[in-house]
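Each chain is listed here by its residues.
Number of protein chains: 2
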Amino acid sequence: MMGGFNHYVVVKFKDGVAVEELTEGLVKMVSGIEHVKSFQWGKDIGGPDFLRQGFTHAFLMTFNGKEEFDAFQSHPNHVEFSKLFSPAVENILVLDFPPTIVKA
Amino acid sequence: MMGGFNHYVVVKFKDGVAVEELTEGLVKMVSGIEHVKSFQWGKDIGGPDFLRQGFTHAFLMTFNGKEEFDAFQSHPNHVEFSKLFSPAVENILVLDFPPTIVKA
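Same order as they appear, the protein sequences are chains R and D.
What the first sequence shows, in our numbering, is residues 917 to 1020, in sequence order.
What the second sequence shows, in our numbering, is residues 917 to 1020, in sequence order.
One should not assume that every hint holds.
A pair counts as met if it fits within one copy or between any two copies, since identical chains are not told apart.
[Claimed, not checked] Cross-link-like lysine to any residue pairs, in silico, SDA-like; alpha carbons within 25 Å at most: (1) Lys999 to Lys1019; (2) Lys1019 to Gly941; (3) Lys959 to Ala1004; (4) Lys1019 to Ile1008; (5) Lys1019 to Leu938.
Quick caveat, the hints were computed from the structure, so don't treat them as lab data.
Here the structure is a predicted model, which means the values were calculated and not measured.
Starting from the given sequences, assemble the full structure and let the hints guide the process.
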């Protein structure tokens, strides 16, 4: 089954960043934008560090389609929050893809 | 809302790998293991390459808990498939985390 559009972001924050405060702001920003279909995030508690390559946080947003994702990307609240978020980021990885849902 | 356990994998395959065949095998393997709650995957069609850092594929699995994830990790079909999958991988990033579900 295909459909929708996923925005997967993996982050390593800079030392000294108030990560909890920042993720709270992110949650608030994302929650307030209606184009976002689903949103979950978490902090890695996994295995060996070579597998996470220094990254610590994963953020997954899903959308009903590419149009909704584009609307999210250019939403003023998103653009505004990015000014706060980007300087706090040491490394970021982003994958955007139409998902194949194997098991729902 | 918290609960469950996520296993998010991002991969760059080696040149010359039969990626479609391999992902078909992966889909079959994951589908056959009952401990997996949900599974979706996709190939990045996103923006600039510096944001995906060479990675192309995302595989997102969720579980009802860490126990189910551990059972998946050590499942014979998984272990067996890894022997095929690992040599095909040029770079891999794995984040394992209990997700905070902001929007379901």
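Now the hints, each set against the structure:
no. : hint               : result
1   : Lys999 to Lys1019  : between (37 Å within a copy, 23 Å between copies)
2   : Lys1019 to Gly941  : between (31 Å within a copy, 15 Å between copies)
3   : Lys959 to Ala1004  : within (16 Å within a copy, 28 Å between copies)
4   : Lys1019 to Ile1008 : between (28 Å within a copy, 22 Å between copies)
5   : Lys1019 to Leu938  : between (32 Å within a copy, 18 Å between copies)
Violation of the numbered hints given earlier is absent; every hint is satisfied by the structure.
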